[in-house]
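A.B. asks: Spelled out from the first residue to the last, the chains are:
There are 2 protein chains.
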Amino acid sequence: MRKFLGITLFLLVTTSNATQAQTAGKSLAERLGYARDAKLVIVHADDLGMTHSVNAASIKGLESGLVTSASIMVPCPWFPEMADYAKAHTDADLGLHLTLTSERVFYRWGPVASKGNVRSLVDSNGYFHLNWTETTHIDAREVEIELRAQIERALAMGVRPTHLDSHQYRLFENGKDIFQSVQRVAHEYKLPVFVVRDWFADRPYLETSLSADDLAVDHTVTIEPGVAPQKWADFYATALKNLQPGVTVFIIHLAFDDEEMRAATRERDTWGAAWRQRDFNFFTSAEFRALLREQDIKLVTWRELAHAAK
Amino acid sequence: MRKFLGITLFLLVTTSNATQAQTAGKSLAERLGYARDAKLVIVHADDLGMTHSVNAASIKGLESGLVTSASIMVPCPWFPEMADYAKAHTDADLGLHLTLTSERVFYRWGPVASKGNVRSLVDSNGYFHLNWTETTHIDAREVEIELRAQIERALAMGVRPTHLDSHQYRLFENGKDIFQSVQRVAHEYKLPVFVVRDWFADRPYLETSLSADDLAVDHTVTIEPGVAPQKWADFYATALKNLQPGVTVFIIHLAFDDEEMRAATRERDTWGAAWRQRDFNFFTSAEFRALLREQDIKLVTWRELAHAAK
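Chains as they are written, first to last, in the numbering used here: chain H, 263 to 572; chain P, 263 to 572.
You may find that some hints are simply not true.
No distinction is drawn between identical chains; accordingly, a pair holds when it is met within one copy or between any pair of copies.
What the hints assert, rightly or not - Pairs of lysine-lysine residues, derived as DSBU-like cross-links and limited to a Cα-Cα distance of at most 30 Å, are as follows:
#1 377 to 452
#2 349 to 572
#3 349 to 377
#4 493 to 349
The set of hints was computed from the structure by calculation and includes no laboratory data.
Taking the hints into account, I'd like the entire structure generated from these sequences.
C.D. replies: Below is the structure:
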């Protein structure tokens, strides 16, 4: 997925409109009450619950009105802080960022389910795997157990999620069995899942696993390693100026470049503290606000999408 | 325990020397190579691993030479940062702060063992209990399972602990069965446990559960709610000026009063960010260093105690 997300912006600029055609009649934009060629954007902050720094920056982003949606990592230590926020802000568009990896070195978390029931998901120290490699056998039944446990904890602690997505895209990029586990759980809890039409060509099982009532957004944009820090705003401005019609989800990662975040991510810069501060700076900026106006881009939420799909 | 620790300083000033007499021959001070009436102090930082702020302040304390020992909470998210430090600093006097509670509201952790095997230790959301009340049934067999899991993870991740102690004194203040679980585990791993002779009067099972080879330190000092922030240094200075002969363990709690620590402890001030910054300020101060010299107090470590006991 890293690979095919890397070319998302390229696709977004060069592909024809064929991929965005909805299968039956009205497009997603139309179902949301907009013209067929409207440019609609969800500005989505990932990884809430990971650290206090992520929580504080993401809440500030949401409250600026420029970040429309976010999703929370239930297994992470700071999840209770976000659950408390969600209970007090029922209008906030918060989903669950289903999490099966613990990708940092000095700061780690593990499953919500009993470890004995999800052995394939944990390493020898009981944390989620740092990474999934060719030799990591992940049991799709255990994935389903853990996803249910994460949703049940969120509900028990007062979160009413608007959607589901996947930390590090693990649930989308690792085959049909795992994606179908997500689909079963999503249908059971009646929650939309973040899936993008632009992904279908590379991962046909994503499309064939969807039922007629399932949503798929049209495009996604996310910044990747390789963009120089001083080119951050340029990358996003170019993406906004070249936006295609339909619903595009900007996947962003907010945090402050502070002591906690620097320590939590210090083994590598990618998605690190400075990276997240740059995302925060752009998506709460007057420049971003002006681009939305100039390009006639409307911000929407997962709650609106879910409502439109009904 | 909160109650009887609260009067420790009072006891320390008023009791006779009877309680410090070792059962057989040489006192602990003598076994350490000091005179019988030597005043020996372990300056012990608790709660390492809890947050990055605690880790950073405690490491700075240890490296100042004025904090001699510390213990690490294996279930906490920042344990890997401390395990990494321990591996790189094999001379640091680091024990395990055995942990069965998750006492904060917005930032939480759970067991190392599989939850299904330690049901009595977790709440309905899968975290360690926020508190143990009269109605919390804690199964001593499950305590033993969890303690072994914590020690095994620490060993697997490269920590070579010099001693064991108990977060919030839970393992000492909740009856003979739980304390004997600790003792069995400690004997198996050949590690000394932090037990204080001054506690025996109120908790006779602590004394009767010790075997002939087990260590007990003579006194302990820890600051408690009720001391005004501006009296912090006075409290410790008074304790140091009134120190009795023998081994006294100062139990302190170090962190910086920063964003992360304020957020992690914001539901109450006790043992909060400002509290821990005050402890850091005193125990790394020139005033503390001068008091040690003036009062002819020698700093010792758990490693020295364990060696002397052999």
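A.B. asks: If a hint holds in the structure, say so; if it doesn't, say that too.
C.D. replies: The hints, checked one at a time:
1. 377 to 452: For residue 377 and residue 452, both the intra-copy (27 Å) and inter-copy (28 Å) Cα distances are at most 30 Å.
2. 349 to 572: within (24 Å within a copy, 56 Å between copies)
3. 349 to 377: Both, since 28 Å and 26 Å are each at most 30 Å.
4. 493 to 349: neither (37 Å within a copy, 39 Å between copies)
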